[in-house]
Amino acid sequence: MVTTDEKGPLTAKKKSVIIRSCDGDEFLVSESAAVLSTSLKKILEEKEDRLIHLSDIDNKTLAMVIAYLSTHADDGLSDDLKRSFDQEFVSGKEFDVLKYLVLATDTLQVTCLCYTVAKKMADIMKNKLVEWVRREFDIQNDYTPEAEAEIRRLDAWAWDDRQLEDD
Amino acid sequence: MNRGAMEEQGQNERVSRVRTKILSPCSVEKQAPEREDDDGSSYSMDRISQLPQPILHHILSFLSQNEAAQTSLLSKSWRYLWSTLPNIEFREDCFNGNKETFLSVLDKTLQGYHDQKLCIQEFGVKMWKVDSESIPLLEKWIPIVTLNMGVKNLSICLDFLQRSAYFDLPLVIFEAKSLQDLYLGGCKLSQNNPLDKVLFKNLRTLYLNQVYVTVETFEKIISNCTLIEYVTLHGCKGLRTIKVNKLHKYLKCFDFSNFYGRYTGEEDDRSIEIDVPTVETIKIVGCNNWYHHHKYFLHLKSLYLNKVRLSSKSFDFFSCNYLPSLKYLTLSYCNGFNEFHLFNRSIEHLIFDGMMESNKASVDVPNIVMFECEGEIPESFSFNTTSIKWKSNVILWSYVNSDNDASSWFLKINSVLQALSQSEISLGLLQFRWKSNRLHNGEDPPGHKPVLVAQLKLGFYCHESFSFSSAFISNLFRVCRPRYMVRDMYTNARDEFETKHNQLTEFLSLILHRDQRDECPNINCQEMRHDYFWRHDLEEVSMEVFYQNGKEWHRVEGTSSLESAAAVMPNSPQKVRFGFKWKEIS
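Protein chains in written order, with the UniProt record's numbering: chain C, 1 to 167; chain S, 1 to 586.
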């Protein structure tokens, strides 16, 4: 099924790659989209095989990453459209979804998406009280009250008065 | 618990957490570690701490210094995460706390990096009202950060209370081999302490904003940076001659401005020489001597010249023979020429601001997408293109005094619009100080024809008389037929509705209801029938409003005056415009 056409005329069949998730599902992706991931690009350069098995990315996450790659590989879309796609891509997503996305983009080395997702995760934490973040992400507070007070005293500048009251 | 003990504990935490990270960046082929989210297994203790440290660092890097520091309270594994970030930026404007605290946090944090021998990739410090207290600290840390911590991206932005003060930058930073991007503001590269070694060869970005630098020092730096890609020089004092040449074959962008925040007062005799044929963007603000020995700049995409002395010959250089890749050309308040001919096939966006009455312009840009101009109406103006779909945005001023004939001014507008009539025109008329008796309706000269205009913006003084408004509209509709007319670029719509003095808007609202005009006390009906020749071409007038955060214009239906229109609107509109439907102009 691997075509031998090299960037031929428009009629030539575009090269594509099969990517398999850790759940075993396979996705057909154009090579132009796949190479936007630095890791996939390296793999494709090193081996002839058109089947890439990603043992640590699940179906759902992989589908999202591929949707992103395909959109960004589409020459017909303007940069503005791609930017607004990026914004919509991360908006309204659950934190856990973003977490697996950021891991996947880190693994696959998709720098732009990794940046967008990490920024979105930071935005979720922005202007939130420590208690809120702990609750939201199930972070176990393993400090003693004394240790906590000590940190607050040492880095007093980091907390403004409002938050001290709220805590 | 004392700090030392906690630090030790924190270190251990860090080490153990690094071990438990579930993925490493290059684990594509690796067997997946099992996720055990459901039970309390060792590494999935919560929803976020299990992320590998580089990713957590990446996330924290988007938070402010305060917010990042607050995460230390989340749990022990977070204790030192923020203080080991590879990129730190101390910004006084985002810091809550006084200057003393700011300086002590800066000192303590950097001491922490130093003690642990941590690397910093990006370091930034931004301070206001720099005083004598801050200087020693900067002098102490800047060399350490730059030379010992491997900084790639260094940004020092200082603002002094005293306008003429600068921070004497320790020149030892020029020995930092790792430096790739250097941003300096409010610094002085001293002459007393001549620079003998410039070791950074990998510099890609040099950004100097209000920096005091001598020609010799600048030349020394720039001649060593053969990999440089971006050079930005804003408001730099002492820099009278700037030369970049073919040594700098990677230079993509050169941006010079003699003004930024404060004037350097050295505008006239400065000279800039750019001889890098591969440069893609050139931006120059305020320079009388801009040279280049090279004729061909085959890669130049964007050229922005503001207050630059040119000559008619400069326009030969702007042609596609020499600049075949030029897409964006902006000439803003440049002088030294009256007559010019511009021919360039590649230009898509052309901006010409500060047009003079004395200009004779002939423009030939076959592939134009957007043409913008602002200023006086030039003496002659021709525009040629084979482009099918393009836009033009024309803003014209008038300081017509009582001696001038305003009607001829309108005819000149018409000649400009005729030249642009193949485009979707947006026309703005600004700054009128006219007496209404200077506006009268003369006969149309032969060959004269009103031009369709997509949008007309009127930005002039609000307290016109009613007779001025009607005469103005008649003159205007003689030369152009707007599809939409926006009253004013600067006032908001609520004011429009509430200001009774706003005669023009009121007049336009009266046109809405021609049938009722006889009942209107403001209009002399005889006069109106006589002057308003354009009424016969007008099929429909409508009023539309735009609400804040709205997406489209809403038509206001069935109202006879602005007051009653305001009454039926659910919210306060942000903008108001009038729509005109004209019969086909034959």
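None of these hints come from the bench; they were simulated from the model. From a predicted model like this one, the values you see are computed outputs, not experimental measurements. Errors might be hidden in some of the hints.
As the list claims (entries may be wrong) - Quick list of in silico lysine-lysine cross-link-like pairs, DSSO-like style, CA-CA up to 27 Å:
hint, chain 1, residue 1, chain 2, residue 2
1, C, Lys82, S, Lys301
2, S, Lys391, C, Lys82
3, C, Lys82, S, Lys108
4, S, Lys76, S, Lys177
5, S, Lys246, C, Lys128
6, S, Lys327, S, Lys313
7, C, Lys82, C, Lys119
Taken at face value, is the distance from the CA of Lys82 of chain C to the CA of Lys391 of chain S at most 27 Å?
-> Roughly 24 Å between the alpha carbons, so the hint for Lys391 of chain S and Lys82 of chain C holds.
Holds or violated: Lys82 of chain C with Lys301 of chain S, Cα cutoff 27 Å?
-> Distance ~22 Å between Lys82 of chain C and Lys301 of chain S Cα, so the pair holds.
CA of Lys246 of chain S to CA of Lys128 of chain C, is that 27 Å or under?
-> Not satisfied, since the Cα-Cα distance of roughly 52 Å exceeds 27 Å.
Would you mind confirming whether the straight-line C-alpha gap from Lys82 of chain C to Lys108 of chain S stays at or under 27 Å?
-> Violated - the C-alpha atoms of Lys108 of chain S and Lys82 of chain C are around 42 Å apart, more than 27 Å.
Taking 27 Å as the top limit, are the C-alpha atoms of Lys76 of chain S and Lys177 of chain S close enough?
-> It is violated: about 37 Å lies between the C-alpha atoms, which goes past 27 Å.
Can the restraint linking Lys82 of chain C and Lys119 of chain C be considered satisfied, given a maximum Cα separation of 27 Å?
-> holds, 17 Å
Can the restraint linking Lys327 of chain S and Lys313 of chain S be considered satisfied, given a maximum Cα separation of 27 Å?
-> holds, 20 Å
Checked against the numbered hints above, the structure violates hints 3, 4, 5; every other hint is satisfied.
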